[in-house]
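From first to last, the protein sequence lines stand for chains A and B. All residue numbers for the first sequence refer to our numbering, where the first residue is 1 and numbers rise by one. All residue numbers for the second sequence refer to our numbering, where the first residue is 1 and numbers rise by one.
Rather than coming from a laboratory, the hints here were simulated on the basis of the structure. Keep in mind that a hint or two might mislead.
What the hints assert, rightly or not - Non-contacting residues of chain B with respect to chain A, defined by C-beta distances greater than 12 Å in every case (computed):
| id | residue |
| --- | --- |
| 1 | E75 |
| 2 | N166 |
| 3 | E203 |
| 4 | S240 |
| 5 | S244 |
| 6 | T255 |
Claimed, not checked - Some, not all, of what chain A presents toward chain B, calculated at C-beta under 8 Å:
| id | residue |
| --- | --- |
| 7 | L26 |
| 8 | N141 |
| 9 | G192 |
Glycine residues also receive a C-beta, built at the ideal position from the N, C-alpha and C atoms.
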Amino acid sequence: MIVLWLIVGSIIVSVAFFLPGRSSDLWPNINNAGIGLLLYLAALLGVFSRSPHLTRRRRIVVIGVAVIAVVASVFSWRQMEDQTQWQRHKLGEIAAIIGHGIYQEMLTDSLLSVLDDYYHQKEKAKSSLGQVYRKRYPPGNIGDPWSSIRPMGMPNPPDDIFLAAISDTQVVLVARHPWYRGRDSSFVTYNGPQGTIQVRATLTEKGLQYVTEN
Amino acid sequence: MSQKTESVSPDPAPELSNQYLGSLVVASVLVLALVILGGRINPLAAMHIEGGGSMQLLYPWVLAGGQTIANGLEEFSGTTLQPVTDSIYYASFCGILFSGLVVPTLTLLLMGIKKPAVARGVYLASSIVAVTLCITVLPTGFIAYQVKQSLRSAQAVQTNRDHIINELNKIAWKTREYRILPKALGGGGGALAGYTLPSFLTETDEATYVLRLIPELPNAQAARFVATIRASSKKFTDCSVEVSVEPNGKLWNWTYTGQFQ
């Protein structure tokens with residue numbers, strides 16, 4: 001009898017567990033198995049409640065304790081899922097905040113340096129904004145990642161900041177992260193993966209425009 | 001004389017009999033093995049359970065939670081997510097079978113019936129595990145709930161602080177831009193005098209900002225700082241951040257108050 005219960009229960013739990021298949025996440029498997037297990041435990045307690053080997057009072061106490069334990073387990077189980085999913089989501093948010101902070105610092109600092117140079121030219125023949133940029137960050141071809149800038153001065157210049165446009169009157173830099181997720185998962189980034197954070201900084205003679213695009 | 005119906009199945013094995021001692025030994029060995037060896041006595045030992053132990057055997061959802069956190073860290077570092085490893089996958093399956101199926105089935109169906117020594121030992125062991133599970137799961141769930149609330153509260157403060165830092169940096173580069181731009185284009189022509197925060201930076205969803213300019217005297221030695229900014233959190237009213245701004249827009253002297261400290 002006990003062996004039969006164990007076999008039937010194992011089949012129910014196994015089918016429920018393995019049904020969702022194997023992915024990077026365990027929750028679909030163990031949640032499915034948990035539902036199968038609840039049905040099994042309900043049937044088991046139903047049979048136990050009619051056990052002729054125990055007094056009625058003992059059966060009621062055991063069933064009461066079992067129900068409390070099951071409810072507490074479900075609560076603990078759900079807490080764990082909710083909390084860990086939240087932590088995973090938060091890690092993504094923190095990554096996005098860090099990414100935005102780094103890009104804001106790098107893009108604004110580099111372009112305002114260009115603007116500073118532009119307004120403090122000592123030569124009689126004034127260079128355009130694009131020329132000043134190219135002088136500071138050569139070679140300055142459209143589509144160039146910063147990692148291709150020769151005298152960058154950075155130990156590890158990033159390869160996720162690109163010169164998107166350059167002319168006499170404006171310079172546009174776009175930064176997109178290779179994996180930090182942005183708000184819109186369908187956002188098509190500049191020359192990169194879909195849905196990651198992206199910012200755009202446009203420098204003109206009137207100043208800097210900094211836009212968070214995703 | 002009324003017949004007593006409460007006692008249905010008196011156990012014939014007297015205490016300290018060979019049968020009783022035998023079952024006690026079996027139970028002790030099983031429980032000790034579970035507690036001390038934990039995951040190592042699991043049939044998954046060959047697969048090297050990561051972090052395996054009796055806790056994972058009793059609470060398989062801990063493994064799923066650990067996997068979710070690991071996934072979050074993988075995403076944080078840009079690694080492509082892989083399917084759950086064999087060890088974690090089968091350890092969680094065995095945990096569910098063990099704590100959710102085997103233990104309650106043996107405990108409930110063996111309770112009160114006459115059993116041989118080995119079955120009695122198995123029953124004792126399963127009862128001890130069942131009682132351990134029942135006793136620990138309630139406070140564990142409650143503590144987990146408390147930790148969750150506390151973590152969320154702390155994280156909310158940290159997130160607000162991070163947003164404010166980003167917004168202060170934005171104000172800082174706006175001041176630098178103003179200093180660079182010529183007066184004809186609405187800038188300060190080399191000074192910050194006359195600069196006021198634009199309305200979208202005076203008050204945001206995160207905080208309110210007050211900028212105080214430090215007068216720059218002509219022909220004087222260049223001042224270290226040109227302004228100070230005070231950010232007062234709107235979400236946590238006891239929290240604020242104060243910084244000094246250099247002429248090049250760099251921020252110094254970060255001072256945090258309240259829960260931001």
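Exercise. Kindly indicate which numbered hints from before are broken by the structure, ordering the numbers from low to high.
Key: Checked against the structure, the hints that fail are numbers 1, 2, 8 and 9, while the rest are satisfied.
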